[in-house]
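*Asks:* Since the structure of chain A is provided, determine the placement of chain B with the ligand on it from the hints.
Chains A and B supply the protein sequences, listed in that same order.
Each residue of the first sequence is one higher than the one before, starting from 1 at the first, in the numbering used here.
Each residue of the second sequence is one higher than the one before, starting from 1 at the first, in the numbering used here.
Simulated from the structure, these hints should not be mistaken for laboratory data.
Keep in mind it's a predicted model, so treat the numbers as computed, not measured.
Check the hints yourself; a few may be wrong.
Cut-off 20 Å, straight-line C-alpha distance, at most; resulting in silico cross-link-like pairs (EDC-like, lysine to aspartate or glutamate) [unchecked claim]:
1) Lys55/B / Glu520/A
2) Lys404/A / Glu375/B
3) Lys468/B / Glu374/A
For each label pair, taking beta carbons as the anchor points, the in silico distance ranges come out as [to be verified]:
4) Gln307/B / Glu127/A: 35 to 41 Å
5) Phe431/B / Gly71/A: 46 to 52 Å
6) Leu82/B / Glu520/A: 54 to 60 Å
7) Pro244/A / Gln307/B: 43 to 49 Å
8) Glu127/A / Glu350/B: 15 to 21 Å
Just so you know, even glycine gets a beta-carbon here, dropped at the ideal spot from N, CA and C.
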Amino acid sequence: MALRGNVYRILEDIVGPQNISEEPVILDTYAFQWLAETISGTKFCTRPEAVLLPGNVEEVQAIIKACNRYGIRYKAFSTGWGPWNTVEGEGVLQLDLRRMNRILEIDEKNMYAVVEPYVIGSQLQVEAMRKGLNCHLIGAGANTSILASATSMAGYGLTGIFTGYSNCNVLAVEWVLPDGEVLRLGSLGSGAGWFGGDGPGPSLRGVMRGMIGALGGLGVFTKCGVKLYPWYGPPTTPIEGIHPLDGMPIPESFRVHSLTFPSWEALADAVYRIGEAEIGYVMGRALPPGLIPALNVGSATEYAQMLQLVSTEGMMDEFKYAIQIFLGANSARELEYQERALEEILSESGGKIILMLEEQSVKNILFRHLIKSEGISRVFQLAGTFATSLGAGTSWDAAVASSKFGEQLKRKYIERGAIADDGGDLAWGGAYQHGRFGHLEEIIMYDFQDADSLKGADEYVEESAQATIEKSLGQPISIVRGMAEHFGPTSCDYHIWMRRIKKAFDPNITADPSFYIEPEQPPGK
Amino acid sequence: MSEKEELVVIVGDVNVSDTPEVLESYSRDESFVRQMKPQFVARPQNADEVQEMVKWANRTGTPLIPVSSGQPHFRGDTVPSLGGVVVDLSRMKRIIRINRRNRVAMVEPGVTFAELQSELKEEGLRLPMPLCPRSSKSVIGSCLERESTIIPKYQWDISDPLLCTEVVFGTGDLFRTGEAAGPGSLEDQWASGQAQTNPMGPFQVDFFRLIQGAQGTMGIITWATVKCELLPRLQKPFMVASQRLEDLLDFTYRLLWARLGDELLILNNYNLAAILAEDPDDIKALRDTLPPWVLIVCVAGYERLPQERVEYQEKDVMDTAQRFGVEPVTAIQGVQGSNVLEALSTVSAEPYWKLRYKGGCHDIFFLTTLEKTPEFTTCMYQMAATAGHPSTDIGIYLQPQIQGRACHCEFNLSCDPGNPKEVEKVRHLFFNASKELMEMGGFFSRPYGPWAEMAYSRDGQSAMALRKVKGIFDPNNVMNPGKLCF
Ligand SMILES: Cc1cc2nc3c(=O)[nH]c(=O)nc-3n(C[C@H](O)[C@H](O)[C@H](O)COP(=O)(O)OP(=O)(O)OC[C@H]3O[C@@H](n4cnc5c(N)ncnc54)[C@H](O)[C@@H]3O)c2cc1C
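Chain A extracted, bound-state conformation:
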């Protein structure tokens, strides 16, 4: 189904002929996605009807108004890291926001920035660091949109102990609602600037997103304010060495360590104590045991050999209950305090520094990886792709409980040969806001071109999601489609309220509901 001639022309008039396309070769680049095989069985999700590249809020608004007039659906796309930005059904427009790529403001004193959708993490980070500031980067990498994470999806990243979680970092927002009206959240709507996203009265951030985000199901966000955080390093951060072993020299004001503990319980205690002591700039399980052998291998075969080697030599034990921690401080005195506090915590919990990872070049690599949030590519390299599971934002104890369970469950699928053998434990995550809550997601690696592997991965993800219900392990991040129908009945029937929100804010159902909620309850649910 092509867009009716006049509709295409109307849309073309809005964005200009350079910024609209119906070419299959172009459209398929949007449909080609990570995890697509779990949705369609191929590497492609649904091909959008056309792609439009609006350049500003007025164009986005005009497109959405036209969509309401002609009954066309659309889906926003910022940097497009995942299937949630793809469309479902026929005739849906993809709104690619890459022309909106400006950092509009960095308010140094009040520590926030105002960004458009295609401003990526590294772009903002570089500018912020020049002013002694840094931004929260998610684990997906510095390549992802700051705005998409803040307004629309998740927000886990390993500086979270110091830089929070994306949902809590968003300030005022410019939002083109599904009916085409522009809503300016918080202080912006009252003409007072970008410093706050809440009010007057109840905060409409509540509608905008939850823990996970509306995933494109509630219109398009065109600008947002985000909190920035202190950066205690130099204004520019040189990179040394050759990829993938390139590192960043560690500034005087930072310390980089990998720590190991005798048990999950000891690790959990230590994380609580680190949170309470208010130390740490980066903290989390950046290198779970399953990733250690991946550090310097180039293929799945080499990975398997390396895994075998490190396992037989008992080296994996060091990484079993390990975390990475960077201390970062405003002064030498503070750094000294943080180091002493860490030493005490280690001795109380029976932990120690992993000497193997104390070599300067290794620490420099780790520093670059985690400050710049790089290195996610490894989980694609080994088996072709990966999926994730569990990972609720919850107390650290519950996060640990869920990853213990995840490891057990995974072994079953590893033994079956369905997913890559990573030793079972690839629980990645950290604690946020000085340990006020945490998350550990259990990652699996699999071969999407192998039917059995794909089937095994699907089953694993489903079984783990089911277990979160049966074992009360918090709200998982793994199932994103049909999530509301699946988890609603287990969580105060929230899906019923969400459906009402969808209908109230999007009466013509033009914002693609496929990763949010369908306007009508599917039969049989």
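*Replies:* Quick look at chain B with the ligand alone, frame taken from chain A:
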């Protein structure tokens, strides 16, 4: 059955009042909001009774006005706009759970700051407080109002310290917000190690943000979890005096950037005197000796190396001060920092500090950024001068929020309620200054009473969006109708 009988069935005979004195006491507060009597005051004891009341209200079309704190009230939000039944939650006083490991407490709406703080202390915890709340102030009430707290570094999100809630929506449905929603009952969640520390969600909607700031218009909270912090082992308060507000700002910004200090706020001489002194004469005398502006910053050590933490923080604060040409001291004009800290760490003594000087007080407050506060202050002084209100009687409180991204700016206009001329003067000043400050870019994010109309007329889109939300959670408009834009 009469309406009263129906209420009696729900909450019991002794918990329904319609005596003239009781109704009278709920019909007005310290604000300029129009008086109106409720028909009844009902005091439910648990979520079931609350839920029954909300269902009853929907059946009978009766407005409900939820009230958690005791009197005196100041904002007009608990004064009925259209009659109805006041739902007084002060009997719901259980501290359900304090979890030291996750630094969280679960409380019912009738629990006051003083009650919670003493229980928390036993566990080595404390809750960041607003500026010297009155002794009758409900913890949940304060959290729901998004009141600023005096320790900005703990406020990651403006919603802090509120976490999960249990709420009866205006529809009569019971719901739990955040991770408390499920999967699993609270007991199941506790068993797996959860402690209702994540307020977000469930999943794709942040329901708690829609209830917070709603002045009781969306539903009634029956419990909430709140983010607690470690009780300091050691504290060392400092003050920086200044003739000019401007001279304190860069230093304050730097402290916020470096995460130095816990309590961090600026008071003018009137307000510092008002929180310390016991009677009008003392307030006046102290105010006149104090410098116009005082920044208060307190460094602290907790369980981990407390001495060392205080030492490094103190030295860093001093170094920073030197860089910005200010001088932190432990006493100013005989006022000891330790006394100030003590006042900040407890609820207000009686009478409530805002009422101590003249018996009445009207607050104008809004959000802005710290560097803009001098402009607002100048404007307030000019307007007061025009209105003939003595500028020396204006209290000013500046509170960095969201770890320094915004600043709560508050002007306290004291007046003698027994002096109609003075009340009238202050009323004019209150309205005119509110308008002017809003015009200048003050963001009235918590629009009480007359501010609601002013705020929503500047932001019609928010009003429209909020009415959609209201239509979902309280379609019959039984929850505190007439407030905000509803
Ligand atoms: C390898 C990999 C690792 C990941 N790791 C993490 C991680 O560690 N932490 C984490 O939080 N997430 C992670 N994710 C999930 C996800 O990709 C991110 O959360 C990220 O925020 C998505 O940003 P994006 O710009 O790429 O989003 P997009 O894919 O462009 O958008 C994400 C969703 O938001 C919607 N959206 C985007 N922009 C707008 C807009 N302007 N207006 C309205 N809706 C919009 C989209 O429709 C889509 O549903 C990972 C994904 C991948 C592929």
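*Asks:* Confirm or reject the claim that Leu82/B and Glu520/A have a C-beta distance inside 54 to 60 Å.
*Replies:* 36 Å, violated
*Asks:* Verify the proposed pairing of Lys55/B with Glu520/A, using a straight-line Cα cut of 20 Å.
*Replies:* Status violated; Cα separation ~26 Å.
*Asks:* Holds or violated: Lys468/B and Glu374/A, Cα atoms, limit 20 Å.
*Replies:* 42 Å, violated
*Asks:* Kindly confirm whether 35 to 41 Å is satisfied by the beta carbon distance between Gln307/B and Glu127/A.
*Replies:* Because 40 Å falls inside the window, the suggested range holds.
*Asks:* Is the hinted range of 15 to 21 Å satisfied by the C-beta distance from Glu127/A to Glu350/B?
*Replies:* Between Glu127/A and Glu350/B, where Cβ atoms are some 52 Å apart, the hint is violated.
*Asks:* Is the Cα-Cα distance between Lys404/A and Glu375/B 20 Å or less?
*Replies:* Roughly 56 Å between the alpha carbons, so the hint for Lys404/A and Glu375/B is violated.
*Asks:* Just to be sure I understand the hint, the distance between the Cβ atoms of Phe431/B and Gly71/A should be within 46 to 52 Å; is that true here?
*Replies:* 48 Å, holds
*Asks:* Can you let me know if the beta-carbon spacing of Pro244/A and Gln307/B is within 43 to 49 Å?
*Replies:* 44 Å, holds
When held up to the earlier numbered hints, the structure conflicts with 1, 2, 3, 6, 8 and fits the remainder.
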